[in-house]
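Residue numbers (the numbering used here), protein chains in the order written: chain A, 1 to 193; chain B, 1 to 250.
Worth flagging that the hints you see were computed from the coordinates, not collected in a lab. All clues given are correct.
Listed next, the in silico SDA-like pairs over lysine to any residue satisfying Cα-Cα at most 25 Å (straight line):
#1 Lys-40/A with Phe-171/B
#2 Lys-40/A with Pro-133/B
#3 Lys-21/A with Ile-163/B
#4 Lys-40/A with Val-169/B
#5 Lys-20/A with Arg-136/B
#6 Lys-40/A with Ile-132/B
#7 Lys-21/A with Pro-133/B
#8 Lys-20/A with Ile-164/B
#9 Lys-20/A with Ile-132/B
#10 Lys-180/B with Gly-6/A
#11 Lys-40/A with Ala-170/B
#12 Lys-21/A with Ile-164/B
#13 Lys-21/A with Ile-132/B
#14 Lys-20/A with Arg-134/B
#15 Lys-21/A with Arg-162/B
#16 Lys-180/B with Ser-34/A
#17 Lys-40/A with Gly-127/B
#18 Lys-40/A with Arg-134/B
#19 Lys-40/A with Thr-129/B
#20 Lys-180/B with Tyr-122/B
#21 Lys-20/A with Asp-167/B
#22 Lys-20/A with Ile-163/B
#23 Lys-55/A with Ile-164/B
#24 Lys-20/A with Arg-162/B
#25 Lys-40/A with Asp-167/B
#26 Lys-40/A with Arg-162/B
Partner residues aside, some chain B positions facing chain A, computed with beta carbon under 7 Å:
#27 Arg-162
#28 Ile-163
#29 Ile-164
#30 Glu-165
#31 Asp-167
#32 Val-169
Listing some non-contacts, in silico: residues in chain B with all C-beta distances to chain A over 10 Å:
#33 Thr-16
#34 Tyr-44
#35 Gln-56
#36 Ser-67
#37 Thr-91
#38 Ser-225
#39 Tyr-235
Each residue gets a CB set at the ideal place from its N, CA and C atoms; glycine is no exception.
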Amino acid sequence: MFYTNGIGFESLETVLKVYKKQARPLEEVLAFFSQEDNRKQVQQVYETLPPITIKEALALGNTEQRMIVLRIFTPEEVAQDLPAEKIDSQTIKKKQIRWDENLKPYEYVYEDTYTLHKIAAKELGVKERSWWVSPDIFFVQCQCTSTDRMYYLYVPPEAAENGDAIEAIAWTMQIEGQPLTKQQYLNLMYTET
Amino acid sequence: MINEPIKIIKQAIRQTIDEGKVIVASWDAGGDQTLCNIRVDNVYNDFYVKDLDIGQALKDVIIDTLSLPNASEDQHVGDGQVGIDTKGAVTLTYNNAYYTPYSTDVDIDMEDYNAEEISIPYEDIHGFTQFIPRIRLSFSASYSVSHIIYAPRPVSIRTNLRIIEGDQVAFDEEALTHLKNWIREKTQIYFEDLKGIPTDVTPFEKGNKQVLNFIDIHGVLTLESQLRFSVGKHYDFVTYTKNRTVVIIE
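Whenever a hint applies, use it, and build me the whole structure from the sequences.
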C-alpha cells in the first residue's frame with residue numbers, strides 16, 4: 001500500500017502521478033519512501049510519469065481516494081479537462097460610482113459575464129442504473145467584480161433547465177428560503193449598481 | 001398484584017440473600033449508554049433461576065426505579081446493595097453521584113472545560129521522528145469517574161500510527177510498547193487530579209458543587225522529538241446521594 005494525504009492506494013504509479021500533479025521534486029518524493037525497492041522504482045519512473053488527470057481521478061474506485069485526489073485540481077482545470085459544454089453566456093452592463101486617488105467620484109461602467117456550463121454525467125464516471133437517471137452537472141462561471149477572481153458555482157439541474165445563465169446564477173441567492181428569479185436577480189444587480 | 005415471573009424473581013432474590021450471598025448493582029448511565037451490572041458475591045452477570053435471567057430483571061427495575069438516563073448530558077454513577085425489607089419487598093440501598101453540566105442554582109455560572117497545552121522532550125531511541133512528518137504518531141487517553149469505579153487500573157493509552165505520504169513504515173511491537181509505556185508514565189500525573197466518588201460525601205439536594213468529572217489527553221510526537229499534547233478537563237455539577245434505600249419490587 002502507498003499513501004498520500006493519509007489515504008492508501010494500491011498503485012505506486014497513482015501516488016507518484018499525484019505527486020507529479022503537485023509539482024513535487026524527485027528529491028522530496030524520494031524522502032517519502034523508505035523501502036529500497038520502492039525508492040529504486042521511484043527513481044526510475046518519476047521524471048517520465050505524467051501528472052494525474054481528472055479522468056483518472058474520477059476513475060479511482062474508492063470514494064476517499066477520489067476525494068483526496070480531486071482536491072488538488074482547481075475549478076478551472078475541472079472545467080477545461082472535462083468536456084464542459086457551454087450552454088449559455090450573458091453579459092450585463094453595470095455602472096458603479098468609484099473614487100479616484102483625489103477622492104473624486106466618477107462613474108465606472110463595466111460588463112459582468114455569466115456563463116452556464118454542463119458536464120455530462122457519463123464524463124464524471126457516474127454509472128447509470130435502470131431506475132435512476134444520473135443528472136448532468138451544471139455550473140456558472142463568473143468573475144468577482146471586486147477581486148477579479150474567477151468563480152465556478154455549482155447549480156442544480158432545475159436551475160439550469162431553461163438554459164439561461166442569469167436564471168442559473170439567480171438560484172445561488174435566496175430571499176426567505178426561495179431562490180431568486182432571473183428578474184429579481186437583475187433588479188437587485190441594478191440596485192447594487 | 002404480583003405476577004408469576006415477579007414472584008419467581010422475588011423468591012430467587014430472597015433465597016440468594018438467605019444463603020448469605022451479597023447482591024450488588026453498579027451503574028454508569030448517560031451519554032448514550034445505560035450500563036448496569038449485577039454481581040452476586042462478586043460474580044458478574046450470572047444470576048439465573050430456571051432459565052429466568054434474574055440479573056437482567058433486576059437491572060430493568062433498578063434503571064426504571066432510579067430513572068437512570070440513556071441519551072443524556074447527565075450522568076449517574078453509583079452502586080448499591082439489594083436487600084429484603086421487613087414487609088418482604090426487594091430494596092436497594094445505594095450511593096449515587098449525579099453529574100450534570102447545569103447547576104440548579106441559577107447564580108452559579110462556572111467554566112466547565114479547560115485545556116492545557118504541554119510539550120515534553122522524548123528520547124527517540126527507536127527512530128520514530130526520522131519519519132515525521134510523512135508519518136503521524138498520535139495518542140489519546142481518557143479517564144472519567146466511571147473509569148475509577150469500573151476499571152481501577154492504569155489509564156489505557158491508545159496510540160495511532162498513520163502513514164501520510166509514501167510507503168509503509170513498520171515499527172516492531174517492542175518499540176511501540178516502549179513508546180506507549182513512556183507516554184503512560186509521563187501523562188499519569190495529569191489523571192491523578194481526578195478523584196473517585198468520595199467516601200465521606202455529605203448528601204445534598206442541590207447540584208451546586210462543581211467537580212472534575214472527565215480528563216482527556218491527546219497529542220502527537222513532533223519532528224523536534226517532543227511529545228506535544230493537550231490535557232482537557234471537564235467539570236460537572238454533582239449531587240451525591242448516600243445510603244438511600246428504595247423499594248424496587250413491592
